[in-house]
Structure formats: C-alpha cells, structure tokens
Amino acid sequence: MRWFRFAALVILATILQTSLIDIIAFSAAEVKPNLLLILLVFFAVHCGSTDAIITSFTIGFAADIISSTMGPQIISFGLFGTLLADMYHIITIRKWPYQSLAIFITGFLTAALAYFLNFFKAEPVASNIYTELFWTPLYSAIVGPFLFFPAELWMRTQRQRIRRF
Amino acid sequence: MLFAWFMLGGLIFLFAPQGLTNKFQFAFARTFSWPLGIGRSVTLAARKPAATELVSRREYDLLQNHLANVTQQRDQAYQQIKKLSDLSSRFPFEGAKWVLAGIITDSVDESRNEFIIDRGAEDGLAKEQFVLGDNSIIGTISDVSARRAKVRLFTHPASNIAVKIAELDVSRLMQGTGDNSAKIRLLPAKHKVKTGDTVYAYKKPGFLDAPMIVGKVAQCKRDDENPSVWDITVKPVCDIERLNDVAIIVMD
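So the sequence lines, in the order shown, correspond to chains A and U.
Heads up: the first sequence runs through residues -16 to 148, numbered per the working numbering.
Heads up: the second sequence runs through residues 255 to 506, numbered per the working numbering.
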C-alpha cells in the first residue's frame, strides 16, 4: 500500500467534496456524488483486509471532518468498508455494474447507520433523509466506476488487479 | 484486533464533547483554507445569475432587506420617543461592532446548514452572536476557536430563534427543518398571517438591539394536528449559497 499517495488522494477528495463538487450538483435538493464513499469502495475492493480497515476508518474520519458532527461516519465507513473488504474474498466485483451496485449499497448502509448514530447521539437530523439514503448513493454509483480508473492509475493498482483475476 | 481499536476510536469521537471534536474541523479549515477558498470561488463563479434581471436578484434582496431593517429600527425609535421616559437610551446598534468574515467552507451534508468562517474569538466572536448575509440574519455562531468560527444557519434543525411576523407583536420560536427553511408553530390562528409576510428576529439583549429581517413566510396553513394554530414555513431572504462573506454583530 502506498500510504503517501493514499493520504494525498483522500485530502484531495475531501477538499473537492466541500467545494468543487457543488458544480455538478443537481435539483433543488443539491444532490451530489460522495467522493469519499467512492474511495471507500475503491480501497475496500483493492486492498487486503488490514489495509482496508485502515483506509475505511481514515476515509470515515475525513468524512466526519467535513460534516456537522464527528463520530458517525468513522464508525459507519469503518464498519461497512471492512465488511465489503471481507466480502470481496467471497464475491468478486470486477465489472462496473457490480462496482456501481457495491457503491450504492454501501452508500445506503453507511448513510443509514450514520443517521441512526446521529439520532442516538440526540443530534438534530436533516429532514432530507431520502437524499442521503438514496439519491447521493445513486449519483455516486453512477459516477464511481469512472473514477476508479484514475484512482487505479494514481495508486498503481491496475497491474495487481489484472493479475488477481 | 485492529478493527476493534479503530471502532473504539470512532466511539470516543462519537461521544466526545462537540467543542473538543470541532477542533479537528477547525484545524482542517485552517490548514486547507487556501484551496477551499479557491474551490468555493470557482463554484460561485460557475453559478451565474439569471441574465434577464435588470438588477441582480442579490442586489435587489440586499436593498429590500436593508429597507426592512431600517423600517424596524425607525419604528422602535418612534416608540422610544413616544415613551419620553428614558431620554438617555441609545439608538439601536449604537456601539455595536460589525465583524466581516469570509466563508471558508460549507458542511458536506446535503442540507448545508453550517459553514466555517475565517474569524474567531480573537476578533470578538462568541457563541450565540447573530450572523448577517446580505443585510438579513442567516444564523448564529455555534462554535468558536481562536481564529475560526462555525455558523449555524437558522434552517439547521438544532436552530431555535425567537421571531415575530410582520407587524404582529407576538414572539414565537422558529425552528429549522434542515431543508433550507424553518417552521414557526404554536401561533394562534386568530392572528392574520399571509404568504410573503416578513419575519424578523426578535431583539435579544446583548446580541440584537432591534428586530432584523430573517426571512419571509413561504407557506401558511393550519396545523394538521391542531387546527387552531398556524403551521408557518419561512424561507431565507438571501441566496446563502452565493454568499462570499458575512457580517457578525458584536455588541458591547
């Protein structure tokens, strides 16, 4: 694992998520893809178990840094990123429709758990829950596979991935 | 084992006081303020205003908000003159300091109900102070570090601001919905309220000397559960997404 490249990629995604990603937001509900969710799935399907745990929790930390409260996303991203990495030993996710499906399901589950944890912590929760549970994961699932290729190039995982399958 | 340690760390973050965990968010905003600022400028530039407007919508809103605020201050001054009992009282906002601050970043959550600004306790900012955008109140300071502060918009679900509607001299709490609007409930239906009425933040000693415009009534209907009271939806009167900077009222 190239940790320096990983750190640079996560920082870049975090900055983009808070600013430039708004350009491609659509509808009055400001639906936009979640770059950190896409990265979570990318590293979960490209790393070994130990690396996947570290990357999942780190990306969750980055997601919390730019959200209202700290904690919910670390736990939800860490939990489902690790589960996805473990499942990857059983179910392979090679084609882009499966990658999209993985992003959508992971996005739905992480948003649901984060919502529950916010509720549990007695933090106010947004009323537009459908956007977070459905539309954001769906948009991320559409955009995600297209971002996998540059991420593979940057992390230099392309060759390793081809050899694996 | 590694997973358990990380999970424990996540739980610590979850249950740690928010004042403590906010330091991480302020540190991120401070470290990457330059790229975040550029990104926001590019985003704002990409959202062009409608070309058919003779005067830009933002300028129009700005002047309308200013007019509403001045009208309220004038009315309050008239009332004070009428009383003739306290001739030494000062005019609204006399001695107040207006701190201008640039917006560094929005929260990433879809509702965008919070953002971080580049002024903090060193500039006199403190919790609960009112924040203005385009001459209208858009929220309050929810957390402060030495050189950064977090602004919670009045549309945030945790926001509760005392308000009054138009000329009604009745104060009610307005709570955010998280969906770029806020609700005023428990106002008896005997009061006349209509769509388009101006909503003012009620004066708050030490924070706000005179009522200031906060929004307009976007919808007014009978409450579903209790038809004897109104269910009022309030929308902001400025385009918060297009704001580059805000002003904070710092009273003496």
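Errors might be hidden in some of the hints.
Claimed, not checked - Selected chain A positions facing chain U (Cβ under 10 Å, derived; list incomplete):
#1 Ile(-2)
#2 Thr1
#3 Asp47
#4 Pro55
#5 Trp79
#6 Ser83
#7 Leu84
#8 Leu136
#9 Met138
#10 Thr140
What the hints contain is simulated information worked out from the structure, not anything from laboratory work.
Backbone N, C-alpha and C define an ideal beta-carbon position, used for all residues, glycine too.
For each hint, the structure was consulted:
1. Checking Ile(-2) of chain A against chain U by beta carbon gives a least distance of about 5 Å; that is within 10 Å, so the hint holds.
2. The beta carbon of Thr1 of chain A comes within 5 Å of a beta carbon in chain U, closer than 10 Å, and the hint placing it at the interface holds.
3. Interface restraint check: Asp47 of chain A against chain U, minimum CB-CB distance 7 Å, threshold 10 Å, status holds.
4. Using the Cβ-Cβ criterion of 10 Å, the hint placing Pro55 of chain A at the interface with chain U is satisfied: the shortest such distance is roughly 7 Å.
5. With its C-beta approaching chain U no nearer than about 25 Å, Trp79 of chain A sits outside the 10 Å limit, and its interface hint is violated.
6. Interface restraint check for Ser83 of chain A: the shortest CB-CB distance to chain U comes to about 20 Å, outside 10 Å, so the restraint is violated.
7. For Leu84 of chain A, the suggested interface contact is broken, since its CB lies about 22 Å from the closest CB of chain U, more than 10 Å.
8. With a least beta-carbon distance of about 22 Å to chain U, the hint placing Leu136 of chain A at the interface is violated under the 10 Å criterion.
9. Taking 10 Å as the C-beta contact cut-off toward chain U, the hint placing Met138 of chain A at the interface is violated, the least distance being around 21 Å.
10. Evaluation of the Thr140 of chain A hint against chain U yields a violated restraint, the C-beta minimum of about 21 Å exceeding 10 Å.
The structure fails hints 5, 6, 7, 8, 9, 10 (numbered hints given earlier, in ascending order).
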